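Student: Read off the chains here:
Number of protein chains: 4
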Amino acid sequence: MDRVATLLVACPDRKGIVASLAQVLYGHGANILDSDQHTDPVAALFFQRIRFDLSTLTTDKVALEHGIKEVGERFQMDWRLAYGHHKRKIAIFASKQEHCLYDLLIRYRAGELACEVAMVISNHPDAEPIARHFDVPFHHIPVTAATKAEAEEKACELIAAANVDLIVLARYMQILSAELVAKFPSRIINIHHSFLPAFVGANPYRQAYVKGVKLIGATSHYVTADLDQGPIIEQATIRCSHRDSVDDLVRKGRDLEKRVLAAAVRYHLEDRILVYAGKTVVFD
Amino acid sequence: MDRVATLLVACPDRKGIVASLAQVLYGHGANILDSDQHTDPVAALFFQRIRFDLSTLTTDKVALEHGIKEVGERFQMDWRLAYGHHKRKIAIFASKQEHCLYDLLIRYRAGELACEVAMVISNHPDAEPIARHFDVPFHHIPVTAATKAEAEEKACELIAAANVDLIVLARYMQILSAELVAKFPSRIINIHHSFLPAFVGANPYRQAYVKGVKLIGATSHYVTADLDQGPIIEQATIRCSHRDSVDDLVRKGRDLEKRVLAAAVRYHLEDRILVYAGKTVVFD
Amino acid sequence: MDRVATLLVACPDRKGIVASLAQVLYGHGANILDSDQHTDPVAALFFQRIRFDLSTLTTDKVALEHGIKEVGERFQMDWRLAYGHHKRKIAIFASKQEHCLYDLLIRYRAGELACEVAMVISNHPDAEPIARHFDVPFHHIPVTAATKAEAEEKACELIAAANVDLIVLARYMQILSAELVAKFPSRIINIHHSFLPAFVGANPYRQAYVKGVKLIGATSHYVTADLDQGPIIEQATIRCSHRDSVDDLVRKGRDLEKRVLAAAVRYHLEDRILVYAGKTVVFD
Amino acid sequence: MDRVATLLVACPDRKGIVASLAQVLYGHGANILDSDQHTDPVAALFFQRIRFDLSTLTTDKVALEHGIKEVGERFQMDWRLAYGHHKRKIAIFASKQEHCLYDLLIRYRAGELACEVAMVISNHPDAEPIARHFDVPFHHIPVTAATKAEAEEKACELIAAANVDLIVLARYMQILSAELVAKFPSRIINIHHSFLPAFVGANPYRQAYVKGVKLIGATSHYVTADLDQGPIIEQATIRCSHRDSVDDLVRKGRDLEKRVLAAAVRYHLEDRILVYAGKTVVFD
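Residue numbers (the numbering used here), protein chains in the order written: chain A, 1 to 284; chain B, 1 to 284; chain C, 1 to 284; chain D, 1 to 284.
Accuracy of the hints is not assured; some may be wrong.
[Said to hold, decoys possible] Okay, derived cross-link-like pairs now, DSS-like style, lysine-lysine, Cα gap no bigger than 30 Å in a straight line:
(1) 87(C) - 252(A)
(2) 252(D) - 211(A)
(3) 154(C) - 183(C)
(4) 87(A) - 15(D)
(5) 211(C) - 96(A)
(6) 211(C) - 252(C)
(7) 15(A) - 15(D)
(8) 252(B) - 252(A)
(9) 15(D) - 69(A)
(10) 252(A) - 211(B)
(11) 148(B) - 89(B)
(12) 211(D) - 15(A)
(13) 96(A) - 211(A)
(14) 96(B) - 69(B)
(15) 183(A) - 211(B)
(16) 252(C) - 89(A)
(17) 87(D) - 252(C)
(18) 89(B) - 252(D)
(19) 87(D) - 252(B)
(20) 15(B) - 183(C)
(21) 252(D) - 96(B)
(22) 252(A) - 96(C)
(23) 69(C) - 87(A)
(24) 211(B) - 15(A)
(25) 69(B) - 183(B)
(26) 154(B) - 211(A)
(27) 211(D) - 15(C)
(28) 252(C) - 96(A)
(29) 211(B) - 252(C)
(30) 252(B) - 211(C)
(31) 87(B) - 252(D)
(32) 69(C) - 15(B)
(33) 211(A) - 183(B)
(34) 252(D) - 211(C)
(35) 96(B) - 183(B)
(36) 89(C) - 252(A)
(37) 87(D) - 69(D)
(38) 61(C) - 15(B)
Because the hints were derived from the structure by calculation, they are not lab data. It should be emphasised that the depicted structure is a prediction, and the values quoted were computed from it without experimental measurement.
Isolated chain A, as found in the complex (with noise of 0.2 Å):
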């Protein structure tokens, strides 16, 4: 892992562009393991993600990312570099509901997610043993109507003390302001507890057993300014039937949700998210 580095790219799609990166790697002397890459037909937009070996390089690190921008000017990309040593930071926030926050940490532990948890924040302090069981510090942050902002504040100086990447809502209850949203554009990871777009708002669960439907859902996205209407990242539903009360939807949706939330995280820290026209393109 800590020779391996990956390159995600965006740009308008044009002839050429899968030749000079391939061109401009094979040349410093890096060998590409992986490979994937999209043309949206309709949006004319090239996507690529691309891992390949450090171990081989030729050159050096500074000469390759010189190249690379080189490259990125002549197609007008956007591009990422992340390199497999660093581990970037994340910031779990979670509130009562503790499945999402376990599960998250228990994946952390097993190895499954390549990443530094830096903290956790609640607005409540039940979760502190949890925390402290994977021995992750806690920040116990209460939210109410009056100290919202100045609760934000104090999230956002002890994420960006801990220069934390990405924030992870562990079903946590409470809704970010715009102005916390706008800082991290498409590094707010949020899990709905519904199949978007149905059921937005409150209560999916309730929603769906009025309604009768015969399968639940999980949706995480990013989220924007705009309520459960950001980028869908991972989807999945769970048959269910008559016999099914809401708490039993509840149940069913909490393994959903783990899996979703989780799937979300590790396709975000293993760099295989590009957002573009208010969707993704997920690499897998």
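Since the structure of chain A is already known, use the hints to place chains B, C and D on it.
Tutor: For chains B, C and D alone, coordinates are given in the frame of chain A:
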């Protein structure tokens, strides 16, 4: 099959219902093969489906029905008794898309659907060779804005003449009038090509593409006066990704539509569905 | 829950069983909440699960049980009556892999499992902090080839002393002796990390990788003297591809194992499972 | 489609492969639409699929193929270049069960399969009206123990005369001889009605019923001399329960078989499959 009957019951929940029904069947010598029950504690309603063997009857059908009627009155039951030897007649309405039509006719021929397909009605002539291939009568009833009422009337006459019990809209692209719908309460099944309540209305696959969802779905439901709002019978989803064009979604969706519509028709024909409060109990 | 009882019944199929059971419950004033029934026509066996409300009982439990016993003798029934207020005790056996252990304890804490986790037993000390975090007694019982019999004896003593009803092998990496298995017929649940009967034995994920399957699975089953051959309770699969290394399969498999084991434990605790002919009836 | 070509490549892994292939395509003016790559680190093998646009070619096909050949020799590549305008011919072998045959022909007619169905061959006459309905030539070749060799010879002649590229066994109930199989390496696709490697051989649905599995499956694979052991292309599963008789499993299985076989045929026709080490890479 000829010696099997199915009793479907709905009534206010009360002690003694199960015992009374079991007793009346036992008293007439019927052997219960299968019984499934559901109580909605919120609505305080009781639902049951009982399949029983008539071959051991010690009285006769008239006496048995009389006995059930008596219990039914005591418990204010809505009940329906169907005999296995009585094959219900269905009419399939189709337009230009033929995948659901083919699918139903193939299942019909394979013996999966316990019914007689009395006719195929289409506003396009294309389906005629398909109906003919399966030896099913075909009626071409063109529909224009001007002739819509007249066309429906003609369809109704054909249906009435053939004693049709169930209308199946197999991707039929015309909206039925409220009058026609009112004549067949819980006896018209439609397939909608999305995971309702997401993407109601036209072009759901395009809507799904624009939204960038990671699963698409299909929903079969009884038709009510409210478009795409009738009680849901069955739903299924399938994964999609950024790689899928609208055409790919259409192709993937066809597989869902076929399965989800066929399941709903089978459930209906096997007397597995009870409707209440805008939703369904489906005994499986 | 405290006022609810569950009756599980298996017997040779015959007319009048449903009526007799419903009658005896009704006669004592019990209200049937839920009943599910199955007849295996090949084996000529009848199975039923009835959940009923005790709060309206007009006699008492002794009288009710006497009545059921009388019907049971008439129809040669195997039957089991469980009262909702009686929480069964379970022992979880774990080794180094902790995902299933965590999963069960989190569900236990969330109230998903109607039991008391009496203890965690492990042949490794690693699980101790986990058990402690959830306030569950922990016993470290190392196992070597030489001490195996002795270790089992010690485990049996602990289990007997705590009145344990169900043993759950949460990726426990020791094979239980035939003697221990014989003491707990249909009361030891194991999780096997493949879609049985494919890939029995060791290293199923490696076997799956070598074979190049496109789905991997997990299977929970009751433990019998025949390794990996006991009655299957629950199974699930997930897609995989050529991109998945053995490690990826292990990661994906963990999610399956957790869900499939937890489902089996929940079904057992809710008295939904009947075993016959080497397989299970699971009333859902 | 007419202006698109697909290049499939397999070779020992080495630095510079991606760059060299991209360079040769770019040098001839081809525009890469889509590329997918896989490296098996255990086998040290490299695989790639590149779809590119020919309409911008600045040289011609002969020159392009010459260029690819040169790169191919340098890297010891197995490679295959397919032009979109060249529709491959397939022969469908069927017996009495008609669901897979119908399914393939309906998809063919709907434009889902980029091929020409050159003929249907069956050892029973029943499929003739089906083939005729879809305007596909039909050949009835009865097979008995005595005439098997002769029948195969006749089939081979028809196939050779029509220049058939792919044989699809759509529930064809005869085992092909090793000689015939050897003539079409990775060019005969079969559907097996179980989740291989579980339940090889005859009557897999009955085997599944006896075992009491909770999911049944279907598997499409290339045919090799070893029965049911060829490289797996696609698999799917569906839930079943104690309620399902063998007939129910057969009915549920038909839906799986159709989808899983059709997917494999489509992957083959779109040049998405590479075979190595007894398994497949399927670029999706």
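Student: Any hints this thing doesn't respect? Which numbers, in order?
Tutor: 5, 12, 14, 17, 20, 23 and 26
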